[in-house]
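*Asks:* For chain A, the structure is supplied; the task is to place chain B with the ligands on it using the hints.
The listed protein sequences correspond, in order, to chains A and B.
When you read off a place in the first sequence, starting at 1, and then add 1, the result is the number in the numbering used here.
When you read off a place in the second sequence, starting at 1, and then add 19, the result is the number in the numbering used here.
Hints were generated in silico from the structure; no laboratory data involved.
With a cut-off of at most 27 Å between alpha-carbon atoms, the simulated DSS-like pairs for lysine-lysine come out as follows: (1) B:K109 with A:K238; (2) B:K47 with B:K95; (3) B:K27 with B:K47; (4) A:K89 with B:K34; (5) B:K109 with A:K146; (6) A:K146 with B:K113; (7) A:K146 with B:K34; (8) B:K113 with B:K203.
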Amino acid sequence: MRILSEFNFKKIISPLFILIVCEIIGRTRLIDPFFFPPPSAIFKSLWQMTITGEIFPHIAISVLRAVTGYIIAAAAGLFLGILVAGSKLFENIFDPLIELIRPISTFAIVPVMFVWFGIGNGSKIAIIVKACFFPIVLNTIAGIKGVDLRLIQAARSLGANGRQLWTMVLIPSALPMIITGMRISTAMSMLAIVGVEMLAADSGIGFLVIDAQRTFATDRMFAGIIVISLMGVTFDKIARFVQQRILSWHTDTSLAGTSA
Amino acid sequence: MFIIEAQKVCKIFNKREEITAIENFSLKVRENEFVSIIGPSGCGKSTFLLLAAGLESITSGQIFINGSKINGPDPKRAIVFQEYLLFPWKTVRKNVEFGPLVRKVMKAERRKISDKYIKMVGLEGFEDRYPHELSGGMKQRVAIARALANEPEVLFMDEPFGSLDSLTREMLQSELLQIWTEAKCTVIFVTHSISEAVYLSDRVVVMSRRPGRIIADIRINLKRPRLREMLSTPEFSEYERKIREFVWAQV
Ligand SMILES: Nc1ncnc2c1ncn2[C@@H]1O[C@H](COP(=O)(O)OP(=O)(O)OP(=O)(O)O)[C@@H](O)[C@H]1O
Ligand SMILES: [Mg+2]
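The following block holds chain A by itself, in its conformation from the complex (with noise of 0.2 Å):
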């Protein structure tokens, strides 16, 4: 088994640990369960509901709206990197506007979201797109611009013209900022959904998790906690790999981006 063989023991001890330690301060009601579950019963309940298959519905809206929102925030972050990089004019037009709206928190804006486009799935979908879309213009942006002046010289020597500089050298260049900034969204688009599940919502594994501690179901609460962790360890695992994948010509790995 090459899996096992390479996988790293080392790396469950802190974990089991705490486990354990959590397990007996649950036990032995050192704290009162209800704050603190021991660990044993956080799985239980878990486990109920994936067998009742209660937790699936939950998890596949927010991915939807997750999903949803992300890939809008990225073909607009991308269209609109390219334009502001590539044109003074939109530039100017547009710069003033990112930086203004850049630092505002995603949530300052639900309420303005709610107004908008009321509590369903379009204000929700419209906080993830806020949440994940500057990452992905800046560095769009920063990647673009970026790039070696004189690479794109020896391209144009070579004969390239306009529209094959964009596509043959200045977006494959930029890639590395790209796929960093989309990588940063993938997190920022987990954050955003349970944030906003939480705030107003009827489904979604950020309703589940609000729902239970609204209903003191703290062992419940804890178990969504656990779900939300996992769906972003899948989504982070999901993008790194897909990074990997595009730019395995890159000889740097820990890439560096700019983050909104």
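*Replies:* Relative to chain A, chain B with the ligands alone:
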């Protein structure tokens, strides 16, 4: 008939302050000639290459290539830089095929071209490597093959061996002479090394301090093919001494 004819070329950069990089720069080069340009740092050597390659605009004066005034870059004029400037996301083969690709050469034909020039620079077997997997000398060979893949009439080289160790540099010098004979093109070669200039060239031109212009034009009458042994002949040393005098007068 001259393949390159620069007449009283002047280039002024206008960033924060006006910088006259070259002024009154005139040079004539015959077809298939190998001409080296040598001069103090910052005198405008790279500037002239960029102008002649059509990558920068001329402030005044003119440059003719094959009798026609230059107007932007042209695949018939290739340039090789000191920093290689390969496309890091492309393999050796794809880098070499870049010129033919943007000129819309068909795939089978592109492949023939890349095979030919990869072989010419001695990189067979490395076709599928990425630039970061190559040594500096190999990267520069790829850059040369990539430039030649457009079958240029003129090849501009801006200190192409400047960042290589001396052994690799000597190897590439000899190989370049071979390639130049095979590919039959005119080479304008910028270097800081006097012996490199003498060893490679038919003519060595020396530039003044900035604003650069040509202050000496020395014909190298060593017989070809050039051999390494020639470097230790009195003739060779005499050329070196003469050029060094001109260069030192400028620094
Ligand atoms: N794009 C530019 N903008 C402004 N000034 C420039 C630009 N390119 C070159 N210069 C200036 O023009 C002068 C000549 O530069 P150039 O690069 O041609 O010199 P060089 O002879 O190639 O020097 P080196 O031997 O160090 O490579 C320098 O003073 C440089 O600062
Ligand atoms: Mg230079």
